[in-house]
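**Q** Listed here are the chains, written in short residue letters.
2 protein chains.
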Amino acid sequence: MRLTNFSDYALRLLMFAAAQNRQVTIEEVAEVFDISRNHLMKIATVLTRSGYLKAIRGRSGGLILGKLPEKIRLGDVVRTTEPDFALVECLSSSDHCVITRRCCLKGVIHEALDAFSATLDRYTLADVMLRPGDFGVAPAA
Amino acid sequence: MRLTNFSDYALRLLMFAAAQNRQVTIEEVAEVFDISRNHLMKIATVLTRSGYLKAIRGRSGGLILGKLPEKIRLGDVVRTTEPDFALVECLSSSDHCVITRRCCLKGVIHEALDAFSATLDRYTLADVMLRPGDFGVAPAA
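If you read the sequences in order, they're chains A and B. If you use our numbering, the first sequence corresponds to residues 109 to 249, in order. If you use our numbering, the second sequence corresponds to residues 109 to 249, in order.
Next comes chain A alone, as it looks inside the complex:
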């Protein structure tokens, strides 16, 4: 069972922006976590569209948090970034399983996923907030 790298990196990007509490750039996030700039661009687009980040355009542009950290629930973020909560075939749109119609496993898996989501919803970005120096970069002046 895995979350996509997309979700993993989205959480890190938000944690970085929250900790720095200033405008950050894709370049610096890519360098801090040693992850692809292109991948981060796509993630930033999704997070901006969902209001978790705000994009400042222009030459001295960058990204800042779009909401207060305590308003960003981790469950909401993961449900935004995770394309596929289809843990088993019967939860996906391409289901061919012969027992789907009568199967009760689907309900059990749904309930377990809800428990997973509900736990993440008890935490916000503020609960997992780090200090600027925890990322190995100097705090902004």
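The list cannot tell twin chains apart, which means a pair is met if one copy fits it or any two copies do.
Straight-line distance between alpha carbons at most 20 Å, and here's what the computed EDC-like set of lysine to aspartate or glutamate pairs gives:
#	residue 1	residue 2
1	Lys175	Asp229
2	Lys214	Asp235
3	Lys214	Asp229
4	Lys162	Glu135
If you're looking for bench data, these hints aren't it; they were derived computationally from the structure. All values derive from a computational prediction rather than experimental measurement.
Chain B: place on chain A using the hints.
**A** Okay, now just chain B, sitting in the frame of chain A:
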């Protein structure tokens, strides 16, 4: 977020064996669910090693449940068949994330996974049991 097909098929194999309540063969399970015989062989090996199935050797051999359905907790099965509960990089052995040492997200994800597992543990194979006919095969005489 996905479980591996390995876990998905393992659950189906156990549900089939439980419903038929007789010796079943890999061939018939492969046919019922239209999944690879080779893949099922590997799954049966793991389930047999863990005591969920018993292998009857020989020409008229096959597989039967190794425990009563009500003794087979779904959480135990999934923890046996799912190789990788490393939802995010910091939960895996190949972790390179720069903030791992100070990061509190790890604890939150662990707690969510525990909630997922604990939900599955409230159910056994007996709770998701089907009738032999639900698989589109005739009940054994």
